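The chain contents come next:
Protein chains: 4
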Amino acid sequence: MTKEMSVAVTDGLVAKLGIEMEEVTAQRVSAVMPVAGNTQPDGFLHGGATCSLIETLASIGAAVVAGWPEKVVMGQAQSTSFLSTATSGSVRGVATPIRTGRTTHLWNVDVTDAETGKIVASGRVTMAVRERRS
Amino acid sequence: MTKEMSVAVTDGLVAKLGIEMEEVTAQRVSAVMPVAGNTQPDGFLHGGATCSLIETLASIGAAVVAGWPEKVVMGQAQSTSFLSTATSGSVRGVATPIRTGRTTHLWNVDVTDAETGKIVASGRVTMAVRERRS
Amino acid sequence: MTKEMSVAVTDGLVAKLGIEMEEVTAQRVSAVMPVAGNTQPDGFLHGGATCSLIETLASIGAAVVAGWPEKVVMGQAQSTSFLSTATSGSVRGVATPIRTGRTTHLWNVDVTDAETGKIVASGRVTMAVRERRS
Amino acid sequence: MTKEMSVAVTDGLVAKLGIEMEEVTAQRVSAVMPVAGNTQPDGFLHGGATCSLIETLASIGAAVVAGWPEKVVMGQAQSTSFLSTATSGSVRGVATPIRTGRTTHLWNVDVTDAETGKIVASGRVTMAVRERRS
Chain G
0 MTKEMSVAVT
10 DGLVAKLGIE
20 MEEVTAQRVS
30 AVMPVAGNTQ
40 PDGFLHGGAT
50 CSLIETLASI
60 GAAVVAGWPE
70 KVVMGQAQST
80 SFLSTATSGS
90 VRGVATPIRT
100 GRTTHLWNVD
110 VTDAETGKIV
120 ASGRVTMAVR
130 ERRS
Chain W
0 MTKEMSVAVT
10 DGLVAKLGIE
20 MEEVTAQRVS
30 AVMPVAGNTQ
40 PDGFLHGGAT
50 CSLIETLASI
60 GAAVVAGWPE
70 KVVMGQAQST
80 SFLSTATSGS
90 VRGVATPIRT
100 GRTTHLWNVD
110 VTDAETGKIV
120 ASGRVTMAVR
130 ERRS
Chain F
0 MTKEMSVAVT
10 DGLVAKLGIE
20 MEEVTAQRVS
30 AVMPVAGNTQ
40 PDGFLHGGAT
50 CSLIETLASI
60 GAAVVAGWPE
70 KVVMGQAQST
80 SFLSTATSGS
90 VRGVATPIRT
100 GRTTHLWNVD
110 VTDAETGKIV
120 ASGRVTMAVR
130 ERRS
Chain H
0 MTKEMSVAVT
10 DGLVAKLGIE
20 MEEVTAQRVS
30 AVMPVAGNTQ
40 PDGFLHGGAT
50 CSLIETLASI
60 GAAVVAGWPE
70 KVVMGQAQST
80 SFLSTATSGS
90 VRGVATPIRT
100 GRTTHLWNVD
110 VTDAETGKIV
120 ASGRVTMAVR
130 ERRS
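Residue numbers (numbering that gives the first Met the number 0), protein chains in the order written: chain G, 0 to 133; chain W, 0 to 133; chain F, 0 to 133; chain H, 0 to 133.
It should be emphasised that the hints constitute simulated quantities derived from the structure, not laboratory data.
Hints may be right or wrong, so weigh each one.
One copy or two, either will do: identical chains are not told apart, so a pair holds if it fits within one copy or between any two.
[What the hints assert, rightly or not] Straight-line Cα separation of at most 20 angstroms, DMTMM-like style, residue types lysine to aspartate or glutamate; simulated pairs:
(1) LYS2 with ASP109
(2) LYS70 with ASP41
(3) LYS2 with GLU19
(4) LYS2 with ASP112
(5) LYS117 with GLU69
(6) LYS2 with GLU69
(7) LYS2 with GLU21
(8) LYS2 with GLU114
(9) LYS117 with ASP10
(10) LYS117 with GLU130
(11) LYS2 with ASP41
(12) LYS70 with ASP109
(13) LYS15 with GLU114
(14) LYS2 with GLU22
(15) LYS70 with GLU114
(16) LYS70 with GLU21
(17) LYS15 with GLU69
(18) LYS117 with GLU3
(19) LYS15 with GLU130
In this text, all values refer to a predicted model and were calculated from it rather than measured experimentally.
I would like the entire structure built from these sequences, with the hints used as guidance.
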């Protein structure tokens, strides 16, 4: 991750959710996110927070592979299965590319309990790659 | 929406995103969410914020239909297409039930630009309905 | 549906599944498909047959809107929920456009029991529109 | 795969598509399917055939793990990305479990060109496991 990208992602929704990047390469992007503050009324991790972590990691992976900021990457679709719940601690998301074409990418993102490693969710994100309009 | 539910949803992720409920019935749940503060590095509405709005509305709809808090509703899957971008103002999400079975619901949620009405995203959420363990 | 398209779709997988087109316009594409012969080992309509009906209808709709055969339309993704089962008779699929952009479409396809009208499945198909290479 | 299951899957849609099972274990289910006869009007492998292969493999995997025929497994949802096209030869699908719970499974199925190994599609199938009603 370039310094420019590093600064960019520490703003907006990512900061609000407390997502902290761990590893950023073209083959693997990982981050952790706390459960506290990202819950729904019954105290479980909000599925939307999980989707946000997934979208963030796939986007950063796509940005690295496509060459941001010259290229812009936009989420086109996300399809995620919620497999277990989390009520405390933090979760870890790991994004890996399934296919990185010139105009479209498909990334897989698995989310696990950061302490136990138990799978919490698994999602797929389709990213569109576009030229940046100056 | 009962007062109990109303209080419950104004905590956690929902509050953080600035989601404000508009209408809550068994047939239609709507809310608005600001774009500002929920963006990704290029200034567009973060897809994860959109997913969070979608998950929230489907969950509240399922809670109303199933009879929360006696029943607990949990997201099982979300599949969302991002159709256009938003960079300012706010977006409106409207959830409607496709099928509400005893143990599983499927809800559709369309997200539009709150000012222009242009479609921003369309998602499907599968919700599991469970008895609350005392 | 042009005569050319009409002939084209009566070949390959569509013929094998017994899909019979009913209505083809830019706003609505419908067809019926028999359950018999399209089942899985327990005698239920095979989910793959349902997906095939959904993919077919969305593709024909996209072809009509995009202007096939000058343009080629290719399925990019399908996301379908199976909501009830069918063991006899036939099912009807109805495709309607959610968004038809220049290079990408999103179509919704609902599948119902052709006799009772009960919903059997609901799916979303993302179609890519490309120029035909001569 | 038990002999009973082996006989069962050689009927209905599976036979029509020419799907031939290769390996069936609780950890991996694979099969090949010819492109010829399973195409859409432009001569490409029909996305519905791809979905059918994916649904079949996930279902057989779920049936093996859950203990068919005492248990019945039903597809609840499929979400598939079509990543490249195939116009001849055959494709291979390989299903692997992501999570196999008591009442719900999530399976991943990758489809590749059987000759070149190039990825054609990648899908997720959610399976519901139920007791068989006598």
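Verification of the hints:
no. : hint               : verdict
1   : LYS2 with ASP109   : neither (25 angstroms within a copy, 36 angstroms between copies)
2   : LYS70 with ASP41   : between (41 angstroms within a copy, 11 angstroms between copies)
3   : LYS2 with GLU19    : within (15 angstroms within a copy, 35 angstroms between copies)
4   : LYS2 with ASP112   : neither (28 angstroms within a copy, 33 angstroms between copies)
5   : LYS117 with GLU69  : neither (37 angstroms within a copy, 28 angstroms between copies)
6   : LYS2 with GLU69    : within (15 angstroms within a copy, 46 angstroms between copies)
7   : LYS2 with GLU21    : within (14 angstroms within a copy, 41 angstroms between copies)
8   : LYS2 with GLU114   : neither (29 angstroms within a copy, 36 angstroms between copies)
9   : LYS117 with ASP10  : neither (29 angstroms within a copy, 26 angstroms between copies)
10  : LYS117 with GLU130 : neither (39 angstroms within a copy, 24 angstroms between copies)
11  : LYS2 with ASP41    : between (38 angstroms within a copy, 15 angstroms between copies)
12  : LYS70 with ASP109  : neither (25 angstroms within a copy, 28 angstroms between copies)
13  : LYS15 with GLU114  : neither (22 angstroms within a copy, 25 angstroms between copies)
14  : LYS2 with GLU22    : within (13 angstroms within a copy, 44 angstroms between copies)
15  : LYS70 with GLU114  : neither (36 angstroms within a copy, 29 angstroms between copies)
16  : LYS70 with GLU21   : neither (23 angstroms within a copy, 38 angstroms between copies)
17  : LYS15 with GLU69   : neither (26 angstroms within a copy, 31 angstroms between copies)
18  : LYS117 with GLU3   : neither (33 angstroms within a copy, 32 angstroms between copies)
19  : LYS15 with GLU130  : neither (28 angstroms within a copy, 32 angstroms between copies)
Violation of the numbered hints given earlier is confined to hints 1, 4, 5, 8, 9, 10, 12, 13, 15, 16, 17, 18 and 19; the remaining hints are satisfied by the structure.
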